[in-house]
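Protein chains: 4
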Amino acid sequence: MLGFPLLMKRIGLILKREKKEAVALARTVLDWAQKNRIEVFLEPEGAQTAGVPKLATPPDELKKRIDLMVVLGGDGTLLAAVRMLLGSSVPILGVNLGGLGFLTAVSTDGFLNCLELTLQGKSKIENRMMLTAVVFRGGKKIAENYALNDAVIHTGQLARMIELEVRIQSDKVTHLMADGLIFATPTGSTAYNLSAGGPIVYPTEEVIVMTPICPHILSNRPIIFPADTEIEVKIGEMGERRLLTLDGQTGVSLEPGDLVQVKKSVHRTRLIMPPDKTYYEILRTKLSWAER
Amino acid sequence: MLGFPLLMKRIGLILKREKKEAVALARTVLDWAQKNRIEVFLEPEGAQTAGVPKLATPPDELKKRIDLMVVLGGDGTLLAAVRMLLGSSVPILGVNLGGLGFLTAVSTDGFLNCLELTLQGKSKIENRMMLTAVVFRGGKKIAENYALNDAVIHTGQLARMIELEVRIQSDKVTHLMADGLIFATPTGSTAYNLSAGGPIVYPTEEVIVMTPICPHILSNRPIIFPADTEIEVKIGEMGERRLLTLDGQTGVSLEPGDLVQVKKSVHRTRLIMPPDKTYYEILRTKLSWAER
Amino acid sequence: MLGFPLLMKRIGLILKREKKEAVALARTVLDWAQKNRIEVFLEPEGAQTAGVPKLATPPDELKKRIDLMVVLGGDGTLLAAVRMLLGSSVPILGVNLGGLGFLTAVSTDGFLNCLELTLQGKSKIENRMMLTAVVFRGGKKIAENYALNDAVIHTGQLARMIELEVRIQSDKVTHLMADGLIFATPTGSTAYNLSAGGPIVYPTEEVIVMTPICPHILSNRPIIFPADTEIEVKIGEMGERRLLTLDGQTGVSLEPGDLVQVKKSVHRTRLIMPPDKTYYEILRTKLSWAER
Amino acid sequence: MLGFPLLMKRIGLILKREKKEAVALARTVLDWAQKNRIEVFLEPEGAQTAGVPKLATPPDELKKRIDLMVVLGGDGTLLAAVRMLLGSSVPILGVNLGGLGFLTAVSTDGFLNCLELTLQGKSKIENRMMLTAVVFRGGKKIAENYALNDAVIHTGQLARMIELEVRIQSDKVTHLMADGLIFATPTGSTAYNLSAGGPIVYPTEEVIVMTPICPHILSNRPIIFPADTEIEVKIGEMGERRLLTLDGQTGVSLEPGDLVQVKKSVHRTRLIMPPDKTYYEILRTKLSWAER
Numbered sequence: 001m002l003g004f005p006l007l008m009k010r011i012g013l014i015l016k017r018e019k020k021e022a023v024a025l026a027r028t029v030l031d032w033a034q035k036n037r038i039e040v041f042l043e044p045e046g047a048q049t050a051g052v053p054k055l056a057t058p059p060d061e062l063k064k065r066i067d068l069m070v071v072l073g074g075d076g077t078l079l080a081a082v083r084m085l086l087g088s089s090v091p092i093l094g095v096n097l098g099g100l101g102f103l104t105a106v107s108t109d110g111f112l113n114c115l116e117l118t119l120q121g122k123s124k125i126e127n128r129m130m131l132t133a134v135v136f137r138g139g140k141k142i143a144e145n146y147a148l149n150d151a152v153i154h155t156g157q158l159a160r161m162i163e164l165e166v167r168i169q170s171d172k173v174t175h176l177m178a179d180g181l182i183f184a185t186p187t188g189s190t191a192y193n194l195s196a197g198g199p200i201v202y203p204t205e206e207v208i209v210m211t212p213i214c215p216h217i218l219s220n221r222p223i224i225f226p227a228d229t230e231i232e233v234k235i236g237e238m239g240e241r242r243l244l245t246l247d248g249q250t251g252v253s254l255e256p257g258d259l260v261q262v263k264k265s266v267h268r269t270r271l272i273m274p275p276d277k278t279y280y281e282i283l284r285t286k287l288s289w290a291e292r
Numbered sequence: 001m002l003g004f005p006l007l008m009k010r011i012g013l014i015l016k017r018e019k020k021e022a023v024a025l026a027r028t029v030l031d032w033a034q035k036n037r038i039e040v041f042l043e044p045e046g047a048q049t050a051g052v053p054k055l056a057t058p059p060d061e062l063k064k065r066i067d068l069m070v071v072l073g074g075d076g077t078l079l080a081a082v083r084m085l086l087g088s089s090v091p092i093l094g095v096n097l098g099g100l101g102f103l104t105a106v107s108t109d110g111f112l113n114c115l116e117l118t119l120q121g122k123s124k125i126e127n128r129m130m131l132t133a134v135v136f137r138g139g140k141k142i143a144e145n146y147a148l149n150d151a152v153i154h155t156g157q158l159a160r161m162i163e164l165e166v167r168i169q170s171d172k173v174t175h176l177m178a179d180g181l182i183f184a185t186p187t188g189s190t191a192y193n194l195s196a197g198g199p200i201v202y203p204t205e206e207v208i209v210m211t212p213i214c215p216h217i218l219s220n221r222p223i224i225f226p227a228d229t230e231i232e233v234k235i236g237e238m239g240e241r242r243l244l245t246l247d248g249q250t251g252v253s254l255e256p257g258d259l260v261q262v263k264k265s266v267h268r269t270r271l272i273m274p275p276d277k278t279y280y281e282i283l284r285t286k287l288s289w290a291e292r
Numbered sequence: 001m002l003g004f005p006l007l008m009k010r011i012g013l014i015l016k017r018e019k020k021e022a023v024a025l026a027r028t029v030l031d032w033a034q035k036n037r038i039e040v041f042l043e044p045e046g047a048q049t050a051g052v053p054k055l056a057t058p059p060d061e062l063k064k065r066i067d068l069m070v071v072l073g074g075d076g077t078l079l080a081a082v083r084m085l086l087g088s089s090v091p092i093l094g095v096n097l098g099g100l101g102f103l104t105a106v107s108t109d110g111f112l113n114c115l116e117l118t119l120q121g122k123s124k125i126e127n128r129m130m131l132t133a134v135v136f137r138g139g140k141k142i143a144e145n146y147a148l149n150d151a152v153i154h155t156g157q158l159a160r161m162i163e164l165e166v167r168i169q170s171d172k173v174t175h176l177m178a179d180g181l182i183f184a185t186p187t188g189s190t191a192y193n194l195s196a197g198g199p200i201v202y203p204t205e206e207v208i209v210m211t212p213i214c215p216h217i218l219s220n221r222p223i224i225f226p227a228d229t230e231i232e233v234k235i236g237e238m239g240e241r242r243l244l245t246l247d248g249q250t251g252v253s254l255e256p257g258d259l260v261q262v263k264k265s266v267h268r269t270r271l272i273m274p275p276d277k278t279y280y281e282i283l284r285t286k287l288s289w290a291e292r
Numbered sequence: 001m002l003g004f005p006l007l008m009k010r011i012g013l014i015l016k017r018e019k020k021e022a023v024a025l026a027r028t029v030l031d032w033a034q035k036n037r038i039e040v041f042l043e044p045e046g047a048q049t050a051g052v053p054k055l056a057t058p059p060d061e062l063k064k065r066i067d068l069m070v071v072l073g074g075d076g077t078l079l080a081a082v083r084m085l086l087g088s089s090v091p092i093l094g095v096n097l098g099g100l101g102f103l104t105a106v107s108t109d110g111f112l113n114c115l116e117l118t119l120q121g122k123s124k125i126e127n128r129m130m131l132t133a134v135v136f137r138g139g140k141k142i143a144e145n146y147a148l149n150d151a152v153i154h155t156g157q158l159a160r161m162i163e164l165e166v167r168i169q170s171d172k173v174t175h176l177m178a179d180g181l182i183f184a185t186p187t188g189s190t191a192y193n194l195s196a197g198g199p200i201v202y203p204t205e206e207v208i209v210m211t212p213i214c215p216h217i218l219s220n221r222p223i224i225f226p227a228d229t230e231i232e233v234k235i236g237e238m239g240e241r242r243l244l245t246l247d248g249q250t251g252v253s254l255e256p257g258d259l260v261q262v263k264k265s266v267h268r269t270r271l272i273m274p275p276d277k278t279y280y281e282i283l284r285t286k287l288s289w290a291e292r
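Chain order of the listed sequences is B, E, L and S.
This note's numbering applies: residue 1 is where the first sequence begins, and numbers increase by one.
This note's numbering applies: residue 1 is where the second sequence begins, and numbers increase by one.
This note's numbering applies: residue 1 is where the third sequence begins, and numbers increase by one.
This note's numbering applies: residue 1 is where the fourth sequence begins, and numbers increase by one.
To be clear, the hints were calculated from the coordinates, so they are not data collected in a lab.
It cannot be assumed that every hint is accurate.
Copies of the same chain are indistinguishable here, so a pair counts whether it falls within one copy or spans any two.
[Said to hold, decoys possible] Cut-off 30 angstroms, straight-line C-alpha distance, at most; resulting in silico cross-link-like pairs (DSS-like, lysine-lysine):
1. K19 x K277
2. K19 x K264
3. K277 x K9
4. K122 x K286
All chains, please: the whole structure from these sequences, using the hints.
Right, dumping it as structure tokens:
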């Protein structure tokens, strides 16, 4: 049993169910938890897969009961956990199975050690800015979504451009014909934003990065707005289908004339940091950033 | 009546039927043709719209009967004409209605003058290289298509990467996770290729440009292959839908394991050049290339 | 005479002496000032050129005597004024003669109106972050300089790379072979940083942008650090000459083994904003940013 | 002694004299040559360093006497050999000591084997296009130089832009303010051109790549000209010093009003290709092109 007083005693567990290693590691966590008198809660399907149906907890309940969420998977699984915990202040410890993630930066090797440090209150927790994207149609709010990485407005059909008008406080910022437009948080700057040519932003900063996807004009360039900027995007007539996608998951179908408002969210995500790695080390290892 | 001996006496006419100016200009051409004893042929729907149903000619017949194809529309209408004329050596005179196109570089003002010069054999005709894209599934050819601008393999769902393996004569060239991959002709280098960050190539050159769309890795960069390169792209498992799109129009749905072979086509497109504009002038005017 | 109570009554004047319009506009300001009982001070050479040798004031004195500095020239003249005012809180009103500057955003037309608003305390003043670059050789500080736009470490001989090791708190960030490395403030993000491929950052933000100049490796990408980051650059052996240049002006010759520390300065520059233009309007007008 | 009839019996040897491995490998070659009755010629300084002063041959004589030039060094040493052999058709076999070069693609391990294949006429020889850059001042030719990689017009003082007007057959192509302008051959596309953001071109192609270095405007983009294009660059007033540099070595100081003509050279470089590596393999290994 852990010899130190614990600040956290109830943990949630989310696993990438299709991945054998995730299930095996979940079993390890469950054994370790029992030995150390830590309560564990799983969402119903995960509980089933891990062979502990009694620990199944409805997603809504989960965030009220736990002190810490452990994610066994990749960045995609962690983003699902972020949506599940929205509105709570439960921190997330992401374990990467295979490869290295920006969000799941703890390796399976160092995981139990990191978990123990976390329960003892000795891990570093970073507050990460999130985005809110609100869709208005005919002046009426029809959708409101959240993103830890990015809110992307894009064509539903690649190679068919869409037309967007970007404004801030009624002032025109730019008019754009492109495959899409990415609004990324600093955390999301190393995700889709990077593929589209955007800059890397240190993840605890608070700014909004706007990067076009395959813009029709040569003079475009990513721009970084202050975090308190409320950006409005008016959807034009061009193209056939247009979508708003949050964190590569949640999608809203957009129509010409729709207004998408993108701004800093009141919500945040709290991430447990690995004790032994700097952000720059992850950049170099995962992206070969500035490495040969 | 034209005072010079004419080398071409039968012209085809394709128009963007939704565009009023195209229909009006078609009427002007028809009047001019009658006056000058030039025969005109239109595809059935265009003949209907222009009010000359008697001149309707099936697309298959069209390319056999005409000496010159006149396109009244934009680059999209011209690309449709290219597909219609495939396999013939009929040159195309593209007139741009509104704006300026790379393929339709003649303006409505200078059009009749350019047409007369062309019929007299005094216009410059450029032979433009095309691409062939052949799709093999289970070793069997299932599709073969042609493109004047580009053959693009892309995700059917933006922001969901696909996985591609590029080989030349069995040698690995690169392995790629991206939104897609563009193979452009020099003519197409100023189309989608440019939006994705590719270089401009003088249009009468003969090379194949390969440019990734939002690649997952930082070290990617466009590459230019010799025209006689046969490039093979093996489609990976990643992603949900994958498409091959030719000139932004014709599409083939791809499956994991499919092989797409991209190479220089035996077909060419012959374009009438405007008498008064250099390529660099079009670059500066249309793209504001290297202009403030 | 101005009908409003004035918050500022003594102005400094710096002009681009080679420019006729600057000298003419200086005469206009001097007349206006006399009429409105505003005291004017000029640095000795400017006073000579403007034909008012009696108003000559040593640069050191200038910043103690004035409430406002008026710059008649371009962004380069304004950067010289910034160096002259270092350590004071005197705001700067930059008038652009010909073209449009990011720092000198007031046009000659609107200038007197903007000046009067400023003296009445009605203009918006923006505090702009600056950088400090300290050079250590053999552990000893040998130079300390300031920049409003950028601190650039670069080869003294273009096309001959230099080698740099970037560290933060002893942690390696990256190792670089390149023509140089730019550290830009948000204000400087639209200067040299933009030419080298860096992102645009809204100018009142507080971050440090690091952008390589012609890096040897493909995987490089600009990165944005928090404003409180102390960045250390170790100069390598490669190349023949290496320089540190501040705001494109002040230069320090660097040697292998030197350590350059770049960080947010304790100093700031206070800029008077034009009453009628947004930052995005300047971006579009001056850079044709995202415009055709 | 080599058991096959030899097509080449006299080889030149150039070595990077500061490099121990080069000197050691030169000794190996000399021993091997004596055993196989191959004549070896060295330029005087190299002969001295290798301890064989009797084999010293003036550079001018060298290219007349030899059938093959062997280069022991890196890409820089090979470029020096190219200049020495200008006007002859002697092929070059480049051996890379440490790392991998694009020009010196044969490793020390495989070297003797590759040399024997070459002497037997069994190696693949590639003809590589070169550039000629002619400088005119006041209508008079003042310099004419050659390059295998690139001809670069650049500021003598980084971060101080120069102004260039590019024309083809008197037609304006573009007007540019930048740190410089690169004209690269396909061979040189992976050298400085790549650092400045230019595309990779398969090395046996015949085109001219023009890529700006840190251009002042956002809308710039590399462009690829046909090989028979004669490009004229007029040097503007801006800046203090301007240089023309060929292959990163030979330099010509330029003045405002000078005209630099860049075109395909009548000379070519003939390179021996390694038997066991494709170009794409070198791209991936040396540049980590498109690799993580």
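Going through the hints against the structure:
1. K19 x K277: Within one copy only: 25 angstroms inside a chain, 38 angstroms across chains, cut-off 30 angstroms.
2. K19 x K264: Classified as neither: same-chain Cα gap 34 angstroms, cross-chain 43 angstroms, threshold 30 angstroms.
3. K277 x K9: within (26 angstroms within a copy, 56 angstroms between copies)
4. K122 x K286: within (26 angstroms within a copy, 43 angstroms between copies)
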